[in-house]
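Q: Now for the letters of each chain:
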Amino acid sequence: MPGVREILATMDYGPSPEADGEVRAWLASHEGRFSHFIGGRFTAPRDGTSFEVINPATEERLASCAQGSKSDVDSAVAAARKAFKSWSALPGAARARYLYAIARLLHKRARFFAVLETMNNGKPIRESRDIDIPLAIRHFYHHAGWAELVAEEFPGTMPLGVCGQIIPWNFPLLMLAWKIAPALAAGNSVVLKPAEYTPLTALAFAALCREAGLPEGVVNIVTGDGTTGALIAEHPGIDKIAFTGSTEVGRLIRTATAGTGKKLSLELGGKSPFIVFDDADLDSVVEGIVDAIWFNQGQVCCAGSRLLVQEAVAERLYAKIRRRMKTLKVGDPLDKSTDVGAIVSRIQRERIASLVDAGKSEAMHCWQEPPGLPRQGLFYPPTLLTGVAPAARIAQEEIFGPVLVAMTFRTQDEAVALANNSRYGLAASVWSENINVCLDVAARLKAGVVWINATNMFDAASGFGGYRESGFGREGGREGLWEYRRSAALSRPASKGKSRTADFTTAPSPALPEPVHGLPRLDRTAKLHIGGKQTRPDSGHSYTIRNARGRAIGQAGLGNRKDIRNAVEAAHKASAWSALSGHARAQILYYLAENLEARSDEFASRVLELESGTRRSAQAQVAQAIGRLTYYAAFADKHDGQVHSTLSRHVTLAMNEPWGVMGICCPDEAPLLAFISLVAPAIAMGNRVVVTPSPAAPLLATDFYQVIDTSDVPAGVVNIVTGDREALARTLAGHDDVAALWYFGTAAGGADVERLSAGNLKATWIGHGSAIDWTSDAQARGREFLRRATQVKNIWIPYGE
Amino acid sequence: MPGERIVTIRPSSPKESEAEAGRNEGTPLHVDWLERGRANLSAIARRTSTLTTRRSVKKEWQAAWLVQAIGCIDLTTLSGDDTPERVRRLCAKARQPLRSDLVEALSLDAPPRVGAVCVYPTMVGAAVRALQGANIPVASVATGFPAGLTPMSARLEEVRYALAEGAQEIDMVITRAHVLDHDWKALYDEVAGFRRACGAAHLKCILATGDLKSLRNVYRASMVAMMAGADFIKTSTGKEDVNATLPVSLVMVRAIRDYLDLTGMKVGFKPAGGLRGAKDALAWQILMKEELGNDWLRPSLFRIGASALLGDINRQIEHFVTGRYSADFRHAMG
Numbered sequence: 001m002p003g004v005r006e007i008l009a010t011m012d013y014g015p016s017p018e019a020d021g022e023v024r025a026w027l028a029s030h031e032g033r034f035s036h037f038i039g040g041r042f043t044a045p046r047d048g049t050s051f052e053v054i055n056p057a058t059e060e061r062l063a064s065c066a067q068g069s070k071s072d073v074d075s076a077v078a079a080a081r082k083a084f085k086s087w088s089a090l091p092g093a094a095r096a097r098y099l100y101a102i103a104r105l106l107h108k109r110a111r112f113f114a115v116l117e118t119m120n121n122g123k124p125i126r127e128s129r130d131i132d133i134p135l136a137i138r139h140f141y142h143h144a145g146w147a148e149l150v151a152e153e154f155p156g157t158m159p160l161g162v163c164g165q166i167i168p169w170n171f172p173l174l175m176l177a178w179k180i181a182p183a184l185a186a187g188n189s190v191v192l193k194p195a196e197y198t199p200l201t202a203l204a205f206a207a208l209c210r211e212a213g214l215p216e217g218v219v220n221i222v223t224g225d226g227t228t229g230a231l232i233a234e235h236p237g238i239d240k241i242a243f244t245g246s247t248e249v250g251r252l253i254r255t256a257t258a259g260t261g262k263k264l265s266l267e268l269g270g271k272s273p274f275i276v277f278d279d280a281d282l283d284s285v286v287e288g289i290v291d292a293i294w295f296n297q298g299q300v301c302c303a304g305s306r307l308l309v310q311e312a313v314a315e316r317l318y319a320k321i322r323r324r325m326k327t328l329k330v331g332d333p334l335d336k337s338t339d340v341g342a343i344v345s346r347i348q349r350e351r352i353a354s355l356v357d358a359g360k361s362e363a364m365h366c367w368q369e370p371p372g373l374p375r376q377g378l379f380y381p382p383t384l385l386t387g388v389a390p391a392a393r394i395a396q397e398e399i400f401g402p403v404l405v406a407m408t409f410r411t412q413d414e415a416v417a418l419a420n421n422s423r424y425g426l427a428a429s430v431w432s433e434n435i436n437v438c439l440d441v442a443a444r445l446k447a448g449v450v451w452i453n454a455t456n457m458f459d460a461a462s463g464f465g466g467y468r469e470s471g472f473g474r475e476g477g478r479e480g481l482w483e484y485r486r487s488a489a490l491s492r493p494a495s496k497g498k499s500r501t502a503d504f505t506t507a508p509s510p511a512l513p514e515p516v517h518g519l520p521r522l523d524r525t526a527k528l529h530i531g532g533k534q535t536r537p538d539s540g541h542s543y544t545i546r547n548a549r550g551r552a553i554g555q556a557g558l559g560n561r562k563d564i565r566n567a568v569e570a571a572h573k574a575s576a577w578s579a580l581s582g583h584a585r586a587q588i589l590y591y592l593a594e595n596l597e598a599r600s601d602e603f604a605s606r607v608l609e610l611e612s613g614t615r616r617s618a619q620a621q622v623a624q625a626i627g628r629l630t631y632y633a634a635f636a637d638k639h640d641g642q643v644h645s646t647l648s649r650h651v652t653l654a655m656n657e658p659w660g661v662m663g664i665c666c667p668d669e670a671p672l673l674a675f676i677s678l679v680a681p682a683i684a685m686g687n688r689v690v691v692t693p694s695p696a697a698p699l700l701a702t703d704f705y706q707v708i709d710t711s712d713v714p715a716g717v718v719n720i721v722t723g724d725r726e727a728l729a730r731t732l733a734g735h736d737d738v739a740a741l742w743y744f745g746t747a748a749g750g751a752d753v754e755r756l757s758a759g760n761l762k763a764t765w766i767g768h769g770s771a772i773d774w775t776s777d778a779q780a781r782g783r784e785f786l787r788r789a790t791q792v793k794n795i796w797i798p799y800g801e
Numbered sequence: 001m002p003g004e005r006i007v008t009i010r011p012s013s014p015k016e017s018e019a020e021a022g023r024n025e026g027t028p029l030h031v032d033w034l035e036r037g038r039a040n041l042s043a044i045a046r047r048t049s050t051l052t053t054r055r056s057v058k059k060e061w062q063a064a065w066l067v068q069a070i071g072c073i074d075l076t077t078l079s080g081d082d083t084p085e086r087v088r089r090l091c092a093k094a095r096q097p098l099r100s101d102l103v104e105a106l107s108l109d110a111p112p113r114v115g116a117v118c119v120y121p122t123m124v125g126a127a128v129r130a131l132q133g134a135n136i137p138v139a140s141v142a143t144g145f146p147a148g149l150t151p152m153s154a155r156l157e158e159v160r161y162a163l164a165e166g167a168q169e170i171d172m173v174i175t176r177a178h179v180l181d182h183d184w185k186a187l188y189d190e191v192a193g194f195r196r197a198c199g200a201a202h203l204k205c206i207l208a209t210g211d212l213k214s215l216r217n218v219y220r221a222s223m224v225a226m227m228a229g230a231d232f233i234k235t236s237t238g239k240e241d242v243n244a245t246l247p248v249s250l251v252m253v254r255a256i257r258d259y260l261d262l263t264g265m266k267v268g269f270k271p272a273g274g275l276r277g278a279k280d281a282l283a284w285q286i287l288m289k290e291e292l293g294n295d296w297l298r299p300s301l302f303r304i305g306a307s308a309l310l311g312d313i314n315r316q317i318e319h320f321v322t323g324r325y326s327a328d329f330r331h332a333m334g
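First to last, the sequence lines map onto chains A and B. Its first residue numbered 1, the first sequence is counted upward by one per residue in the working numbering. Its first residue numbered 1, the second sequence is counted upward by one per residue in the working numbering.
Worth flagging that the hints you see were computed from the coordinates, not collected in a lab. Misleading hints may appear alongside valid ones.
As the list claims (entries may be wrong) - Label-pair ranges, simulated between beta-carbon atoms:
#1 ARG160/B to PRO2/A: 16 to 24 Å
#2 ASP101/B to THR327/A: 53 to 61 Å
#3 ARG111/A to ARG160/B: 39 to 47 Å
#4 ASP81/B to ARG97/A: 15 to 23 Å
#5 ARG160/B to ALA9/A: 38 to 46 Å
#6 THR327/A to ASP241/B: 31 to 39 Å
Glycine residues also receive a C-beta, built at the ideal position from the N, C-alpha and C atoms.
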């Protein structure tokens with residue numbers, strides 16, 4: 001060891017290791033063998049299959065953990081189900097005490113958890129100590145508060161039941177907190193599977209649950225690899241799956257849970273843009289980049305991994321980044337001066353290396369600093385690739401490592417276009433000293449989280465989650481709690497409304513036409529309504545619409561996949577609708593209501609013609625439809641976002657943004673009322689929709705396009721494609737440019753929609769065959785519809801001069 | 001930016017530090033260079049709040065860093081009740097800032113000595129006499145310290161007086177109004193005037209950042225002072241409401257780096273006021289090393305203006321040597 005005199009010559013930092021004795025003693029006390037935590041007890045380590053857990057910084061074995069089998073998952077779910085009954089019945093204030101105790105205990109054991117996390121994951125102790133563990137603690141404190149408040153703040157909702165939660169290895173304890181805290185606060189019980197690389201803090205947390213006196217079975221931890229995860233995802237006794245991980249596995253889970261009625265939230269991958277304008281504080285940008293891509297070795301789903309820099313300052317910024325890279329310290333994660341620790345596993349490191357090796361040829365320059373990695377352990381150097389074109393594979397794929405790819409832009413519009421040129425939409429970071437630029441870009445980015453002049457900021461009070469293929473659902477904040485509650489009104493099985501099935505035969509129909517007032521009907525041609533125009537179906541086919549007595553009252557176009565394609569394109573062109581003020585949209589909805597009311601007799605007659613019933617009930621349906629229009633007109637400028645209370649001197653704006661282009665597949669029953677009840681909230685929130693009306697009674701929708709045409713609704717905002725809902729729904733579900741899809745049809749159709757939606761991971765809302773009573777205000781209108789019509793974008797704006 | 005020269009950014013390598021760039025010659029006033037002053041407070045606060053959590057200096061290394069810090073201290077007394085005797089006592093401490101048994105225990109090549117002794121102009125003579133043969137420069141605050149609001153002629157005369165008394169370094173104060181009014185030409189002329197008056201003596205330019213308020217102002221004032229030929233830029237007089245802080249220091253240090261990139265010339269940095277503990281010294285040393293490199297850990301480019309800091313460093317070094325927590329009365333006062 002050098003003496004003071006020698007050090008004076010070098011002025012190095014020297015080693016500064018965090019002590020790991022306590023953690024090693026704990027591992028030894030378990031003889032390095034762990035099993036599941038089920039029903040409040042650690043199951044005895046059986047001779048069954050187990051897997052090894054290593055310290056990636058040394059590749060030394062830390063422990064072996066049990067591989068969760070079907071019977072393990074079964075008993076965990078059974079324990080959780082048993083616990084759910086009493087746990088959900090506890091007063092919120094009592095649940096709050098448990099969560100508070102967990103937060104407090106975690107606080108008292110913070111260093112233990114930090115060291116264990118670093119040993120198991122390879123992340124620098126500075127991060128586990130100052131970021132992961134404090135944020136996990138904060139999450140439990142925050143949700144202790146929600147437990148206290150949830151009944152009052154979420155009226156008309158109830159817990160879901162047993163939640164299956166599958167978490168990744170990059171923030172093992174923090175992701176556990178993000179999952180368990182809201183689930184418990186909302187009154188659910190949990191079966192959680194930590195990642196196979198990093199189960200140790202979850203197991204220590206299980207012990208801490210015992211210490212907090214948490215009732216048995218409320219939290220169950222089952223360890224294992226992806227097969228255990230699949231057992232959880234597919235388990236029939238589970239009501240909700242919350243998953244954080246890769247988009248690839250997210251798709252598998254979406255597919256596996258399709259049609260099961262399980263609620264699902266997915267927090268998946270990203271290729272988040274880090275946008276630097278020429279008027280940014282470039283030195284602060286450099287530190288932002290360090291926190292964006294070299295935090296946790298870049299193994300962060302929301303890592304700012306795509307640097308977009310305005311051409312005028314690009315070379316200067318690159319030079320500054322390169323200089324900063326030289327002072328990064330890569331090495332022993334337990335050393336307090338380490339900036340970049342170890343990659344979690346050999347497989348991951350090889351994946352990073354192969355992506356970079358392949359990507360070097362697609363980049364102008366590749367810099368890797370600092371020189372020299374530890375000889376032992378799984379390390380990868382911080383890497384900067386500049387001059388990367390958007391077409392390059394490394395610019396599109398998530399590398400999940402300390403690798404930054406950089407490209408330039410010329411204008412603000414180009415920056416937004418490049419930023420949004422991705423299948424992902426998790427997070428973004430915008431750097432400029434001009435608030436006009438920052439807020440304009442933030443509004444136009446397709447990302448669930450936008451940090452202004454900052455990056456990777458988290459707080460339990462703010463929602464986190466993605467757009468597009470980065471998943472759906474939010475974690476944290478008020479919006480996160482919705483993922484663990486459901487509407488009590490919608491959870492009651494509704495009485496099945498009246499409905500008929502359609503006959504899609506395109507040959508001349510044997511049904512005789514119903515005369516009108518003793519005269520032959522004057523034939524009318526109902527068309528599709530696409531891009532503000534009445535268009536004939538691409539198929540050239542029509543099918544016969546019958547009244548309740550089986551007589552033909554007209555024909556409707558038999559829309560096909562090309563009509564859906566055209567409708568989606570038309571809807572995309574109507575993007576100005578989403579940019580209108582809520583007030584402006586309200587005016588259009590009121591106008592629709594006015595014009596529908598002016599023609600209410602005509603619509604009542606049509607209802608009467610299509611459905612058996614009295615004129616009075618038909619009139620009531622029209623009146624209710626008008627009511628739904630004014631209701632959502634009223635809401636158009638009132639489904640406000642929130643300013644979350646996160647950090648001091650920060651504004652965290654939670655904005656409710658429309659999905660953009662949505663598909664809506666209407667149910668068979670209440671053909672006018674259901675159509676309006678679904679379309680009105682969607683367009684009130686700024687979505688443009690492609691609607692398939694009730695297949696048996698589409699003429700109400702095709703009559704309604706005349707109301708649309710006379711009410712100043714811009715072309716493409718409401719597109720109507722009649723025909724076989726099931727086929728059209730499948731096309732919509734499989735369409736990668738449709739961001740969300742509501743489907744209220746058959747159970748089988750709902751399963752198809754969910755399965756096919758896995759393609760672009762669009763958000764879906766499925767009736768699961770249990771019909772809504774469309775005449776019930778409690779069921780068929782309200783905030784639930786508005787929430788389903790929007791996604792929350794959180795914009796973090798630090799301020800101060 | 002028009003007229004901007006982009007010089008290749010040079011990380012400080014050992015080779016260059018051997019070359020030890022000469023004095024900052026200054027440049028003509030480039031107002032466009034001030035455009036770079038885009039200091040984002042929140043981002044800067046994030047950086048400075050994690051500087052000392054990202055780096056840790058323990059045991060031998062900490063002792064060495066504290067010895068190094070001693071050599072960078074401008075041991076200061078700037079009180080209305082200063083007397084020649086008081087200054088003599090301070091100088092005695094400057095000659096022997098670390099107890100000789102501790103020097104021995106650390107096996108240092110030579111006992112450390114402070115960077116300079118910093119006093120008012122009328123105390124310069126006493127200090128020079130007290131430091132005879134010690135090879136420790138005397139620095140004098142001048143130019144109407146601390147407010148700087150005396151006539152230019154008087155301020156220049158004050159500089160000449162201090163130099164005549166034997167001061168080798170002048171710590172000048174700027175006219176804050178020039179910064180608040182964005183009158184960069186006036187600020188440039190002011191600093192350049194003092195630089196000329198200094199001749200061979202080194203000029204430290206005190207920006208009084210607590211009065212400038214915004215970090216952008218701090219950046220711009222730093223840049224102008226360097227263009228006007230300041231050898232050091234210094235945060236504070238110690239008399240403002242807020243003195244040296246890490247965010248302000250980070251902005252000044254980044255300005256020094258920009259200036260180096262633009263001109264190839266190295267300018268020193270001196271935080272003053274508010275650094276009381278050994279922990280503070282380490283925090284600023286980490287700042288210098290991280291942002292500018294090891295050259296800026298040496299007294300030629302880094303000074304700490306402090307009076308109380310040395311006492312705590314003494315105690316921490318004794319703790320390292322003995323393993324026992326020390327007491328202030330065990331170390332000679334200054």
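Q: Hint by hint, say whether it matches the structure.
A: Hints versus structure:
no.: 1; hint: ARG160/B to PRO2/A: 16 to 24 Å; in the structure: violated (47 Å)
no.: 2; hint: ASP101/B to THR327/A: 53 to 61 Å; in the structure: violated (37 Å)
no.: 3; hint: ARG111/A to ARG160/B: 39 to 47 Å; in the structure: violated (59 Å)
no.: 4; hint: ASP81/B to ARG97/A: 15 to 23 Å; in the structure: violated (60 Å)
no.: 5; hint: ARG160/B to ALA9/A: 38 to 46 Å; in the structure: holds (40 Å)
no.: 6; hint: THR327/A to ASP241/B: 31 to 39 Å; in the structure: holds (33 Å)
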